Each structure stands twice: as C-alpha cells, then as structure tokens.
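Colleague: Just so it is clear: in the sequence shown, position 136 is 136 by this note's numbering, and no numbers are missing.
To be clear, the hints were calculated from the coordinates, so they are not data collected in a lab.
Bear in mind the structure is a predicted one, so any value in this text is a computation, not a measurement.
Just so it is clear, CB atoms sit at the ideal spot from N, CA and C, and this is done for glycine as well.
Careful, some of the hints might be misleading.
Cβ-Cβ distance ranges computed for the label pairs, FRET-style [unchecked claim]:
1) Val196 <-> Ala238: 30 to 36 Å
2) Gly358 <-> Glu541: 46 to 52 Å
3) Val196 <-> Glu151: 18 to 24 Å
4) Asp479 <-> Ala562: 25 to 31 Å
5) Ala341 <-> Ser133: 46 to 52 Å
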Amino acid sequence: MRPPHSRWRSAMDDRAPGRSRTPVAAVRDSSLGLAKALNGLRNSLPREPLRAGANAASMLVLGTAVEPGMALRDSVSVPNPAAMAGWSVRARLELLLEVLAMSGRHTTDAAAGSPVTDAPMTLSTEDIPAPRSIRVLRSEIDLRMTQATPEQWWLAYAVVSGTLPTVTSVSECCRRAQLRGPWAALRLPRRMAAMVGPGRQVDVVVGRVIVDVHHTAHTDLATGIQRVARATTRRWVAEHGADVVLTGWDDDYRTLRRLSAAEQATALYADQPPDAVPQQPAVVPWRGTYVIPELAVEPPRTARMQALAYHNLAETAVIGFDCVPVSSGETVGTGMGPAFARNLAAVRHMDRVATISGGAAREYRGWARMLAGAGLRGPRIEPVLLPATAEQATDAALQQVREQYLIGSLPMMLVVGSHEPRKNHLAVLAAAEQLWHEGLDFSVLFVGGNSWNSDRFTDRVQQLRVAERPVATVSGMPDEQLWAAYRLAHVSVFPSLNEGYGLPVAESLACGTPAITSQFGSMAEIAAGGGALLVDPRNDESIATAMRRTLTEPELLARLRAECAARPQGSWDDYARTTWGFLVGGIRPQEQAGPDGAA
C-alpha cells in the first residue's frame, strides 16, 4: 500500500514517458467489475479542448484525473485538490526562482562595484499565471540551489511551504542538500505545504518595512506596551505609507501574514478585535526591515523570529521594554521567565534594539555583554526615551471623577498600575495605614487590573475597607477619566521595584501632579526633570515619609508642582520619528535632527 502522502507526491514528481496516472484513492473499490465498468465508460467518452474560461487545473471526472487542456464532454466536474496542490507548489517554485534571480543580479552588481538598492516591491504567487512543468522547475532548482547559502535555504523553505522556518528546519535543508541535492532538500518544505494547505497566496515582500503587531492587533487593552506599539505604529503608517506592511501570525504561529482591515483597526486604534479573520496572504520578508514594536513571548513565534533574524537578509529590530523577567524574576508570573528567555534567543541575532529608557538600555546591554561567552556580538542597543505627554481632561470627566472617587475634601493619593507584586502596592497600603494611625486624613485610589499573585493585595484592601479606611480600587477606567484623576490627585505614588519605563510617573508629572517614585532605574531617570520625591521602595518607612511630607509641608508641595509645570513636554511624533530613524535607518538617536533641524 502506498503511504498516505503519495497521491500529493504523484502530482508533483516526474513520471516516466508512457506511464499511466494512478486513479485517485477516492474512487478505488475492491470490486474489480465496478472498476472495469468505470474505465470502460471513461474511455468511451470523447475528449475536447478545455473551454475558454474553464479552470486550467486538472479535473476529477468519474474518479480519473484529466490533464490540463482536456475536458470530458457532458460531464460534471469538480476541482482536483491534488492537482491544485501541484499547481500551487509549482507557482511557489517559480516565485522562489524569480527571487533568487533577483538576488543573483544584486550579487553581480555588488561584485562589479555598482550600487545595490532594493526598490520596494512585492512578488506574489498570484502574479504567476502558468508555472512550468515540474521537470523543468526541478532542473532549474538543482542548478540555482547547488551552492545555496543558509539564507537562501531560509527563503526556499519559507516560499515553498508558505510558513516561516525555524533554525532547525534551515539546518535540515542545508544538510539534506549537501548529501542528496537541492531537490531532495525541498521535500521538507513541500511536506509542510501539504500539511498546512498549499493553496494559499504567498507574497515575498522585498525592501519594505514589515511591522509585526500580532498581539496588539488582537487586544483592545491599553497597557503600557500596547500604548507604545499603537502610538508608534500609527505614526509610522501615516508618514511612510506603502513602505510599511502590518503583519501578524496564524493561530499556530507558523505563518507570518498580512493583517485584515479589522485587525489593522485594532492594532492602530484599539478597536474591538475581530472574532474571525479570513485567510490573508502569507508574507515572506526579504531584505528590507522586520520590526517588532511589542513584546513577543509565544514560543513558536519566537522560534521563527530567531531563524528570521539569523538567516534572513532583512535587517531586524525591536523596541525593548525591559528585562524584568531576568533581573526581577521573582516578580513575574510562572512561565514568563522561560518565555522571555526565548524572546532574547531571537533578539540576540537582531541588528538593533531601541529601549524605552536609559534604565532598560543598561539591562539589555548587561545581557548583551554575556553573549560574548557564546561567540555572539548581539544587537546595537540605544535608548529612545518615551515622551512625557498629557491629554486634556474634559469638564465632564473631571466632574465624574469628583463624584465617584473623591471623598469630600480629603486629598487623594493616586496609584496607577496593575496589582502584581512588582508594583509594590502592599507597601503603599502599609505606608498609608501608618499615616492613618498617625491621624492624617487622605484617601487612596488604585487604578489598575488584578494580575499575577494579586490575592494578598485584594484581601488587604478588603480588610482596610471593613475598618472603614478611605481606600478604593477600580480595575478599568476610561482614558478621559484617568487624565482627570491625575489632575485631581494630591500626588501619585509609584514605588515599583523595577520598570522599563514608569509611564504613570511621566503621565502624572506631565499633568502637573507631583509623584512619589523609586530612587533608581527608569523612574529616577524620569524624576530627574523635577516634580518628584524619590524613595527606597523596599522600605515602607521611606514611602510613608514621602507621603507624610506632601500632606504636612505645603511649601514642598508647591515647589514640586512648580517643577512639574517647568518640565519640557515631549511628543509621540518625535518619539516615532526617532525610533524609525534608528530601527529602520540605523541612525543613532543622538545623530538625528530635531524638529527645528538641529541635531
């Protein structure tokens, strides 16, 4: 008995002259008499050329595959999946040869000393109307791929299979090609194509900027990472237009693909994520730049990112948020440590990392120095600080916050952030309780959702509320109300144990509200511009002292507010422009011209 995949293989492989085609399995029958009857009926029907406009693929008629260009008169026919698969893979082989030929011209131009440029373009299987026979394609593949590099085998696997390979897949192709020749090596991606479905359109995107926003395109959450990804990507699309291709992944994270219109709306504007997405063309980056402005930690995704960064001729870059799972592993959820390690396994082969703060840059550079022990250079790492911006609060939002969250004339301490241990909210509660015992009057409002290991925080808040302490939590708050809360707060409190960038600190100071934050890392970096008190977040008394001073020293509070008003305001436009210049253009932030033309 032939193996299950043999019917697909028979549609692809060469056949000896005069060898008859094997009837498809769907009409095999143990009754010899029925088989003879069907063959007799088939042979008795005359053939005529395929009518204009009919499908050029083979058709299934009475269980027999008919050659393209021929049809059976007065018969009912349906597309032959095996033949369609053969046509699709032949189109992919033609596409591969076209890209290889283009790359060969680049190599020749470079050797001759001519400038090599990559005009942005997209080469697609949809543009190949009539792929040649498998025998001709095999001959050309053997010729072109005999001395293929690992980068070319990465391309071959991606184009032929319609999926992105892992480092292991590329190595297997290289070794098989060395031992048995290129055509034998291509069996690996051809089998993958058969498994995932070979009929999908494949686009090789050359010389453009591929922006991978898979997670952001599938959530309407507006946490720090999503806010950064949306703010930058939205501006990149507006400024660079068709040079930017927004992508995500299939559910199994094998195929990089174009985003649907609904997914793009979610990625750029936090619209409601779509429930279902029609199949989109598979995308194969080649040359150009592949950029990830979000945190990618899904293991199958990072495995393919690693191979793309290691083997592709595209430059690769990422926005680096922090290395908290490495430097403060005890503060993150189970599973995040190993997942983030796989992210770093991909990032170590990338070209550039734009961190969101100087503190995050120090973390990434410390990690990069370790790579020398593995014989790796690591990426270039440069900090591009997030902008400290504030949106105006409407009168309606201010009134809503007053009515819902202020308690009479009590000063409100605002704490923004999820309730995971790293945010140190239990220490804030301990400091607040100490001050209440001292007789100071104020309220505390926590804004942020529950997170990993937040049960102790939730229980402690409930105990304080039973004791009639003025403390409240809200898991979600519209942006317009959040900006109003910042402006109505007495101070904001953010004594986190580790942050890539303390966004609530920057937002509070931009709104003119003083902040109490940690004395190290990105938080101290933000506070250096004035308007904040620094504390030791591991010392409850240090936090309580800062809170007490803002309540009992009016001249200190006035000075901090004046410093807030004097802080320079950044802009997301400048941030997006600077990150693009570094991630895509390779220009260090210090060397880029500002809005006024000065460097």
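Colleague: It remains to establish, for every hint, whether it holds in the given structure.
Modeller: Going through the hints against the structure:
1. Val196 <-> Ala238: 30 to 36 Å: 34 Å Cβ-Cβ, so the 30 to 36 Å window holds.
2. Gly358 <-> Glu541: 46 to 52 Å: violated, 28 Å
3. Val196 <-> Glu151: 18 to 24 Å: holds, 23 Å
4. Asp479 <-> Ala562: 25 to 31 Å: Roughly 27 Å apart at Cβ, these two residues keep to the hinted range, so it holds.
5. Ala341 <-> Ser133: 46 to 52 Å: holds, 47 Å
Of the numbered hints given earlier, the model fails hint 2 alone.
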